[in-house]
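**Q** Below, each chain spelled out in residue letters.
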Amino acid sequence: MEASLPISAAASAKRARSAVGTGPGANAPSVTVPLAFILTGLIALFIGVSWLAARPTILATYHYNQFVIAATHLFVLGWICSIVMGAMYQLVPVALETRLFSERLAKIQFVFHVVGFIGMVWMFKSWNMKQVGHFGCLMFVGVGLFVYNIARTLLRVPKWNVTATAVTAAISWLSLTVTAGLFMAAGKCSYDSAESITNAAGVTAIISCLRSAGAFMSHFDALSAMHAHAHLGSIGCFTMLIVGVSYKLIPMFTLSEVRSKDRAVSSVVLLNFGLAGAFVTILLRSPWKFLFALMLIAALGIYGIELIAILRARKRRALDWGIKYFLTAVVLMIPLSALAGVLSWPGLPLTPFTGQLENLYGFLGLIGVISFAIIGMLYKIVPFLVWFGTYSRHVGRAQVPALADLYSEKLQTFGYFAFLSGLAITGVAIVLANALLVRVGCVFLAASLSTLALNVARMLKHFCHPELKPFASRPASVSIHPQ
Amino acid sequence: MNNSITEELVFETLRQVIDPELGCNIVDLGLVYSARINGASVVVVMTLTTPGCPMHESIAQGVQTALLGLEGVADVDVQIVWDPPWHPSMMSEQGRIATRVGNI
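Listed in order, the protein sequences are those of chains E and P.
Counting from 404, one number per residue, gives the positions in the first sequence under this note's numbering.
Counting from 860, one number per residue, gives the positions in the second sequence under this note's numbering.
Mixed in with the good hints there might be a few duds.
DEER-style ranges, computed between Cβ atoms [what the hints assert, rightly or not]:
no., chain 1, residue 1, chain 2, residue 2, range
1, P, R959, E, H622, 54 to 60 Å
2, E, S433, P, P944, 29 to 35 Å
3, E, F470, P, S948, 56 to 62 Å
4, E, F676, P, R895, 49 to 55 Å
5, P, P944, E, R502, 21 to 27 Å
6, E, V672, P, S900, 49 to 55 Å
7, E, S663, P, E930, 48 to 54 Å
8, E, Y467, P, R959, 45 to 51 Å
Computed list of lysine to aspartate or glutamate pairs in DMTMM-like fashion (alpha-carbon distance at most 25 Å, straight line) [to be verified]:
no., chain 1, residue 1, chain 2, residue 2
9, E, K872, P, E930
10, E, K872, P, E871
11, E, K718, P, D942
12, E, K664, P, D942
13, E, K718, P, E952
14, E, K562, P, D942
Please keep in mind that the hints were generated in silico from the structure rather than gathered at the bench.
Backbone N, C-alpha and C fix where the C-beta goes; we use that ideal spot for every residue, glycine too.
Work out the full structure, taking the sequences as your base and the hints as a guide.
**A** As structure tokens, then:
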């Protein structure tokens, strides 16, 4: 297939032919949608960490209260989901060599997502479950649009692979997570006030569904349901994506390749079976949850072995800091897995100490593993988006910067160590239930995020002030056509 | 036929096109397999470091832009191929230094 390109006014008389239009780069959506999600996510993260620093008791007390649940949803929906959705709109078409089904749907989803998560967090904080349900419905519609868009995109994938399987699993688990969340909200509401407006058939049907959902949830205790719901999202969607997408991105960035497809596939399959079992056993408070925790740990172990094999075979020896962030997050899966093993031990008593261990487990999972991995990947995604939006059309016409030139490596390095310090301090503080130390740890995390914010600002600056230079010397017989 | 366009000139010109992820030009990366010149037409056969490379469009377009800037070139055909697949051993010494890729 050939495509003509409008190069310039002067050059338009010349013919330019290539397979450009069929390439993966041509499949990427405009940078606006992913950037809107990413910036939203970064703002939510900054607010979240600042909130923890201002109210450290959130992490220093047991996690079944309105503030912890509100903060968790701010991190999960505002930060992680925003980034994951924005990145998927960009990465899924590129990584799977296809085209996004609809950019328009993505824009509409953004509105539902932002209004939905802000409202949910606000209402969780006020513990108004009825309004949580209403805003949750907006979030549900947004997630539905997202899942539909990505699913239709996946149907176009020319060559199915383990990454496509993981992405399919992730959006399926995400749908279940949001549905489970709505069921839980329905279970916490009463519908007495709706009695007077049940004349309309549609309203009656909705109220009946909500009552049924609430009645169904009454079979399970609220804490178990919350834990099962949390695992569904954090492992089913986020960890699944980290594992699946890294099988494509880590070889791409390190000039390597997947060493064992069987190993890659088995890690994703085990993760799915382990999660299905873990969800049911956590929900039912079954002692069998330990078995499924082991299955999940085995899946991550196989993933780790494959990742090491990929890295050993890499041709690009020096690892940049973005990859180091990501790999550190993967290493943090080891203490996280150990904690999972301990906390799923049958008959473990719920004491204030084990309660704090549960807090540590959640913190380490969401902030230590998932957030650290995401920040690492952001140092790959954001420079690409900015470069693509600013410099792509200038390649071959002028000297354009490399991706690594768009941000400060010093800031990135400082951010890495500040984040690690913040994790360590906050982790210890959570175990000790020491609010003051939680605050200190969160200040370190906030310092790390400030470096990220500064670097993102540096990158975005290129949209307004591109750094283009003329070629130092051009080969003989070269004339630049006016643009 | 314009005799001033040579394969060497085409390769030299393509050093102006970089892979921004690796921070190195596509010639020293070993991505350009051949350049055939037929009068004012140039056919570049090249590859990318990986299928699904997000820079696919930018790099291919950059090749066209750079070569169309050469006096005497009226037609550029960029053919992206995956066989033979790219391997770091195809890089020049300068390419290995720039990308910090070890000896192959």
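**Q** Evaluate each hint against the coordinates.
**A** Status of the hints after comparison with the structure:
One distance hint, 54 to 60 Å for the beta-carbon pair R959 (chain P) and H622 (chain E), holds here, with the actual separation near 58 Å. Hint check: S433 (chain E) to P944 (chain P), Cβ distance near 30 Å, so the stated range 29 to 35 Å holds. Checked against the given bound of 56 to 62 Å, the beta carbons of F470 (chain E) and S948 (chain P), roughly 57 Å apart, stay inside it. Between F676 (chain E) and R895 (chain P) the beta carbon distance is about 53 Å. The supplied range of 49 to 55 Å therefore holds.
Between P944 (chain P) and R502 (chain E) the CB atoms are about 24 Å apart, so this pair conforms to the stated range of 21 to 27 Å. Distance hint check for V672 (chain E) and S900 (chain P): the Cβ-Cβ separation is about 51 Å, which falls inside the suggested range of 49 to 55 Å. Hint check: S663 (chain E) to E930 (chain P), Cβ distance near 52 Å, so the stated range 48 to 54 Å holds. Here the CB-CB span from Y467 (chain E) to R959 (chain P) is close to 50 Å, well matched to the stated 45 to 51 Å.
A hinted pair counts as satisfied when its Cα atoms are at most 25 Å apart, and K872 (chain E) with E930 (chain P) qualifies at roughly 21 Å. As the CA atoms of K872 (chain E) and E871 (chain P) are separated by approximately 18 Å, the hinted pair is consistent with the 25 Å bound. Proximity of K718 (chain E) to D942 (chain P) is assessed by CA-CA distance (about 19 Å); at most 25 Å being required, the pair is judged to hold. Under the criterion of a C-alpha separation no larger than 25 Å, the hint pairing K664 (chain E) with D942 (chain P) is consistent with the structure, at around 21 Å.
Only pairs whose Cα atoms come within 25 Å are accepted, and K718 (chain E) paired with E952 (chain P) is accepted, the gap being roughly 14 Å. Simply put, K562 (chain E) and D942 (chain P) have alpha-carbon atoms about 17 Å apart, close enough for the 25 Å limit, and the pair holds.
Checked against the numbered hints above, the structure breaks none of them.
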